[in-house]
Amino acid sequence: MLTTKELVRAADHLRSVMTVEPRRAHHNERQALLRWKSSEQGLRVARRRLRKAQSHGLALIQSQLKADVRCQLESVRDAVNDLMGHLTAEPRESPSLSFLVAELRQLEEEFSSLKVHWSEKWLGVSTESIRLRDVYLGPFSIRLFWSRLERSKDVHAFDVVALDPNPADSNESVTHPHVCDEQLCPGRASLPLANALVQGRIADAFCLIRSVLTHYNSESPHVSLDAWSGRECHDCCGSLPGDSYYCEDCGYDYCADCTTNCAKCEATSCRDCLTGCFVCQERYCSNCVTLTSSQHRCCAACIEPCARCKKPFAKTELSPRKRYCADCGRRRPKKETLQSEDHDEQTSGALETAEA
Amino acid sequence: MCNLSAFLCPVLTPFMRKGTNMKILWINNDGGGFADHIDVEEGVTVSTLFTERLPDSRAEDYLIRVNRMLASADQVLQEGDRVSMTPTKIEGARLIA
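Protein chains in written order, with our numbering: chain A, 409 to 764; chain B, 63 to 159.
FYI, nobody ran anything at the bench for these hints, they're computed from the structure.
Accuracy of the hints is not assured; some may be wrong.
Computed from the model, here is a short list of chain B residues facing chain A with C-beta under 7 angstroms [to be verified]: (1) 97; (2) 99; (3) 155.
Yeah, the Cβ is synthetic: ideal placement off N, Cα and C, and Gly gets one too.
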């Protein structure tokens with residue numbers, strides 16, 4: 409338990425970074441604008457992925473991608489509401505020292521484990537051990553770095569550190585379905601968390617983070633709990649049964665739906681590692697296509713050397729009769745030029761004789 | 063001579079004052095987050111306030127604090143009380159790169 413002196417000292421550090429100045433208010437408004445733009449970018453990416461899956465007929469992953477789109481739509485909505493709030497809000501007073509001390513006392517009551525790390529400049533609490541759907545995740549330390557609050561009053565001011573980590577087998581950085589590299593993706597808590605920090609409600613901010621950690625959103629995890637202790641498809645993220653497929657180009661594991669075979673050598677490959685031939689449009693692995701001089705990738709059957717310069721081209725790029733590339737077709741060889749000049753002279757000489 | 067008004071005042075006061083509003087600070091950490099002073103009827107309890115403000119939610123899914131302390135459902139709110147309600151289950155996400 410912290411002493412009153414330590415609480416006051418920690419509260420003073422928080423107050424120094426929370427003092428609202430007109431410039432800071434403008435900064436907060438700008439941050440809200442950037443959050444809106446970021447959420448719109450996230451929505452565009454999610455929609456693009458969904459369209460790609462639909463065009464490729466990837467049925468398994470579509471439901472998850474639709475969930476991503478819904479999640480991003482909600483983020484856009486919340487970000488717009490937040491921005492509206494900033495644009496219409498009256499100037500807010502900075503939280504007082506006594507207010508922040510009360511916040512820290514409440515934090516200590518809620519978590520019973522408030523700790524301040526003076527040299528690393530964070531204050532933090534520990535959660536109870538968390539288990540979601542029978543998957544043990546252990547307790548987490550939620551750490552607020554007060555120096556980061558100057559730049560951004562949102563989730564980025566926090567680290568969420570697994571104290572007894574049980575990360576996903578497929579990704580050691582993911583210690584919780586919604587925590588990657590010690591960064592929480594707060595989802596629906598983003599906006600109330602940001603508002604709590606702006607208003608100095610530190611205890612509420614920590615409680616909101618705990619509420620995310622103790623709940624599982626199966627529609628949008630970094631790694632799903634179903635696949636926590638097993639491998640998952642590198643493309644659709646579905647859990648892999650015993651007979652998974654290995655892409656010989658990139659080396660990742662995939663399910664049957666996300667792999668196909670090279671049209672020539674039949675090597676197993678993921679969709680991203682196969683290249684379509686410029687001419688025949690069949691898909692080949694990297695070993696079965698060649699880069700032409702015109703920077704197109706072609707299979708062996710569709711590649712042909714120029715009859716003059718001998719460089720490789722797609723056979724559709726060569727002239728029909730002489731099989732020249734475009735550059736060689738524009739140039740006339742010296743021997744041909746002289747021959748044609750001799751021919752012209754002979755022809756003109758014959759004409760003069762005939763006239764005479 | 064008895065003081066009739068003094069006698070009647072404590073009797074009549076509850077009836078006269080019923081329906082009078084008072085201000086509390088209400089913090090709703092659901093949705094977009096809301097923290098502002100609101101008018102509530104005197105004598106309102108924590109559970110009544112919850113039902114009025116979050117009619118589609120269950121109280122057991124929220125962390126409810128009055129003046130930063132645990133509160134019972136039938137606790138009667140006073141003028142100037144600070145009431146916060148924080149959902150205990152919030153959907154996180156994964157970052158869309």
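Going through the hints against the structure:
no.: 1; hint: 97; result: holds (6 angstroms)
no.: 2; hint: 99; result: violated (13 angstroms)
no.: 3; hint: 155; result: holds (4 angstroms)
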